[in-house]
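So you can see what is in the structure, the chains are spelled out below.
There are 2 protein chains.
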Amino acid sequence: MMTGCATMNEMETKAAVRFGIMGCAAISRKVSRAIGLAPDARLVAVASRTLEKARQFASDNAFPEDAHIYGSYDELLQDPVVEAVYIPLPTSLHRRWVAEAARSGKHVLVEKPAALNAGELQEMLAICEEKGVQFMDGTMWMHHPRTAKMRELLSDATLFGNLKWVHSTFTYVGDAYFLENDIRVKADLDGLGALGDVGWYCIRSILWAVDYRLPKTVTAIRGSVSRSAAGVLLSCGSSLQWDDGRVATFHCSFDANLTTHLTVTGTRGTLVLHDFALPCEDDSATFSFSSDTGLSAQEREWRPFPSIEHRVPTDLPQEACMVREFARLVRCITESGSKPDQTWPAITKKTHLVIDAVMASIEKGFETVLL
Amino acid sequence: MMTGCATMNEMETKAAVRFGIMGCAAISRKVSRAIGLAPDARLVAVASRTLEKARQFASDNAFPEDAHIYGSYDELLQDPVVEAVYIPLPTSLHRRWVAEAARSGKHVLVEKPAALNAGELQEMLAICEEKGVQFMDGTMWMHHPRTAKMRELLSDATLFGNLKWVHSTFTYVGDAYFLENDIRVKADLDGLGALGDVGWYCIRSILWAVDYRLPKTVTAIRGSVSRSAAGVLLSCGSSLQWDDGRVATFHCSFDANLTTHLTVTGTRGTLVLHDFALPCEDDSATFSFSSDTGLSAQEREWRPFPSIEHRVPTDLPQEACMVREFARLVRCITESGSKPDQTWPAITKKTHLVIDAVMASIEKGFETVLL
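Protein chains in written order, with our numbering: chain A, 1 to 371; chain B, 1 to 371.
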């Protein structure tokens, strides 16, 4: 998906957007590399809570010689060279630092989950809008060309028909160290646990499949919830319901083998992929799409075979596609005087509204919750 | 799975079991062919409500010249040449005809759903046991060698670990003719609708995955239910819960593109197949099994790739494997004096107990139902 303003070709002639990295989390390495790969983005600064950590990070991650190194986030935000920041901090810190970045006039690419809840997100979005800076969450797979190709097929009434059911799964094994130490299982750092981490992708994939129409109700799945000693969600699942009979289910956890499946079933077609959040390969990605699949009269043979593989090439890994899209929107603002794009923030908001509803349903003992 | 008594090699020396077909439904064609293919089974008779239909069926389906043709089921059941019957009649007629077949001393292979509810099934099973005849339902995929191979992997604690989640889907498009005329949508012929037809496979696959341990509770999925004008289920879905934290979800319908997916996720492995109810090919079948799948430190690369394909050859299509297993059990009784096998009937019963619970949950407005 690409929203508003300049096309990519026009972009190529413009100056690269100058990024500062706020925090040296593992994911920062991946996004720093992506900023290096994207033709329209450039690493100019990094901040950590200590100067030493920031210096080490810059040296480990191929920052340019003249990159600015800071021992505090505040200093980075005061740097006029920095146009945009990437914020991979623990979720509980997003509210503060997104707001401070926006007040400093920096465009914000923030790691998911974007906030602890939709209310907090709304505050962040309001400040970004007020300050005229772009806001985008770091959901990388949205920006892979495969995603656009799949959308094309799901939008084809002849090939796909009407959507009936979506099922999405994202699980991985958090080892003993992870379960003890990772910020994703610390109640004070990321209260959403597995729901905000892997569940985020499941919910986003469902919303994507229904073209971002919010469900009417959400009902968490009884029996699906497990928690750490500190009460953080280690696994959960939910069903989502729309007025027109569409239904979705998902489950997410830190306690099962890495599995990232998405299945979208329509009246005429079926889309399946097993690496929706992260393609197995860097230069292309696959999915299966079957249309008008049936059985022969005696129910002995499939016709056609149920899975036709599509392979979509990409010039950049999806995280660099994300940076490219974010940089494009920033340039729309800085060079064309556009208002910040509202499409991506609206999708972030819907994702959080569903997360809130799932959490509410869990807390109410798996009652159905209206959105 | 093979239960008790003689092995297949011993079987080959024994006389073929003599089958009568009770009813000329479309599925009878497939099973008649399977009886022809299985080395230890033989077609000897067919009955329909009219002699003409039975004669036509025998001629269309390669029955032997000397096959006995009947214009009523009663007559076929009186034929001493017939040892075993296949019953593909509408579900509402199973209770009567399974009982009559058992009373006539015939072994019974009955199409799924076996009964309208678990209570009815229990009556049938009691009569079969009393009369010393074998009972088996017609769930073909249980008998494919792929199923045994998958069981082997799911039982491997190192490769698969502990099961956490199962998701199963079976949908197909019932066209206008089907929705108007098929017995599966007639309230008086098959009151279970999609739940008894495609839902049967989903529930069976879930029970299979958990090695037939019944769930503790069942909660139908809100929003998943649609019905025909006559009130028959055209679609539904449910979650199932076990005491130890295992969860399963399924959805089934007559209103979406043909999709038959099964995903079983464990703490160390993931099993996936997209043709679980009916393999795409006759002479082999595939599935994917990944173990200890993870991401590299920067979360950029899968290691190993998440899907390793297994291909399992079969000497016969799965419906003929089913006939072979059934014939083997019959010969255990007729030649070795064994009691009828109780393993398969117990699985049929568990399937019906879950169906009943799903139906009860739907009728109670998606309340959780204890099993």
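What the hints contain is simulated information worked out from the structure, not anything from laboratory work.
Be aware that one or more of the hints could be misleading.
As the list claims (entries may be wrong) - Computed spacing ranges between beta-carbons, pair by pair:
| # | chain 1 | residue 1 | chain 2 | residue 2 | range |
| --- | --- | --- | --- | --- | --- |
| 1 | B | K364 | A | D283 | 28 to 36 Å |
| 2 | B | P304 | A | P39 | 30 to 38 Å |
| 3 | B | R311 | A | T50 | 52 to 60 Å |
Stated by the list, open to error - Okay, the calculated bits of chain A under chain B, using three or more residues with CB under 8 Å as the criterion:
| # | segment |
| --- | --- |
| 4 | 139-150 |
| 5 | 167-173 |
| 6 | 190-200 |
Stated by the list, open to error - Residues from chain B that face chain A, not an exhaustive set, calculated with beta carbons under 10 Å:
| # | residue |
| --- | --- |
| 7 | T50 |
| 8 | L51 |
| 9 | Y177 |
| 10 | N181 |
| 11 | T219 |
Keep in mind it's a predicted model, so treat the numbers as computed, not measured.
Yeah, the Cβ is synthetic: ideal placement off N, Cα and C, and Gly gets one too.
Quiz prompt | Hint check against the structure, violated hint numbers in rising order | solution = 1, 4, 6, 7, 8, 9 and 10
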